[in-house]
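> Knowing the structure of chain X, use the given hints to seat chain G on it.
First to last, the sequence lines map onto chains X and G. If you read the first sequence in the working numbering, its first letter stands for residue 3, the second for the next number, and so on. If you read the second sequence in the working numbering, its first letter stands for residue 24, the second for the next number, and so on.
Just so you know, the hints here were simulated from the structure itself, not pulled from any lab data. Mixed in with the good hints, there may be bad ones.
[As the list claims (entries may be wrong)] Here chain G is said to cover these stretches of chain X; the calculated rule only asks that three of the stretch's residues, wherever they fall, bring their Cβ under 8 Å from a Cβ of chain G:
hint	region
1	38–52
2	62–71
[To be verified] Selected chain G positions facing chain X (Cβ under 8 Å, derived; list incomplete):
hint	residue
3	G79
4	S88
5	E124
Yeah, the Cβ is synthetic: ideal placement off N, Cα and C, and Gly gets one too.
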Amino acid sequence: KQEVTQIPAALSVPEGENLVLNCSFTDSAIYNLQWFRQDPGKGLTSLLLIQSSQREQTSGRLNASLDKSSGRSTLYIAASQPGDSATYLCAVDSGGGADGLTFGKGTHLIIQP
Amino acid sequence: ETGVTQSPTHLIKTRGQQVTLRCSSQSGHNTVSWYQQALGQGPQFIFQYYREEENGRGNFPPRFSGLQFPNYSSELNVNALELDDSALYLCASSLSGSLYEQYFGPGTRLTVT
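Bound-form chain X, shown alone:
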């Protein structure tokens, strides 16, 4: 059974810092990995999708990497801003779509102005 762990559970940093969020998964046989952002009480916003054959994806100040063999992904946020404050969730697709996504519990990020 696939399990996803996110470290740290919470993080508070001053504005402007670069930061790294970590995600690990127990079964390396994945189809893809997706990073999401969730604001309090709201739905999920897709940030980046990395296919199993890819090593990284970039969107603006965000860069996500994937090391499938070691079961790890990182989300790098450059020049953090207060508007980046949210919970960041990592999710893996282990079943080709029909088994749904397996999520971690998320990293609660606070960017101090």
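Relative to chain X, chain G alone:
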């Protein structure tokens, strides 16, 4: 392009009652998935529908059931509500297969008293 919408936003029900939640998929998407997110947890996969058929299910009892309609909108029905069913229910739509991102709606907050 219209995103994923869900109704109602909030709902309060009594233990033992039945509830129906609704989701309208993003235009052009033929697959819809439902997730349950308890407070402080990552979303848990309930089931997925593709072309009006359930084609994947997570570890949820049969009292959780669904429908997908020809216009790709969907319903989640929960019978015999229990206190532990209190959660944020998220709907996600996508194209079929693991190559595509899942796009989430804003969720329905269900409280069972």
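> Against each hint, give a clear statement of whether it holds in the structure.
Structure-based check of all given hints:
1. A stretch counts as covered by a chain when three or more of its residues have a beta carbon under 8 Å from one of that chain; for the region 38–52 of chain X and chain G the count is 8, and the coverage holds.
2. With 0 residues carrying a beta carbon less than 8 Å from a beta carbon of chain G, the region 62–71 of chain X misses the three-residue requirement, and the given coverage is violated.
3. The beta carbon of G79 of chain G is positioned within 8 Å of a beta carbon in chain X (closest approach about 3 Å), and the interface hint is therefore held.
4. Interface restraint check for S88 of chain G: the shortest CB-CB distance to chain X comes to about 16 Å, outside 8 Å, so the restraint is violated.
5. Taken as an interface hint, E124 of chain G checks out: its beta carbon lies about 5 Å from the nearest beta carbon of chain X, inside 8 Å.
Hint check: violations occur at hints 2 and 4; the rest are consistent with the structure.
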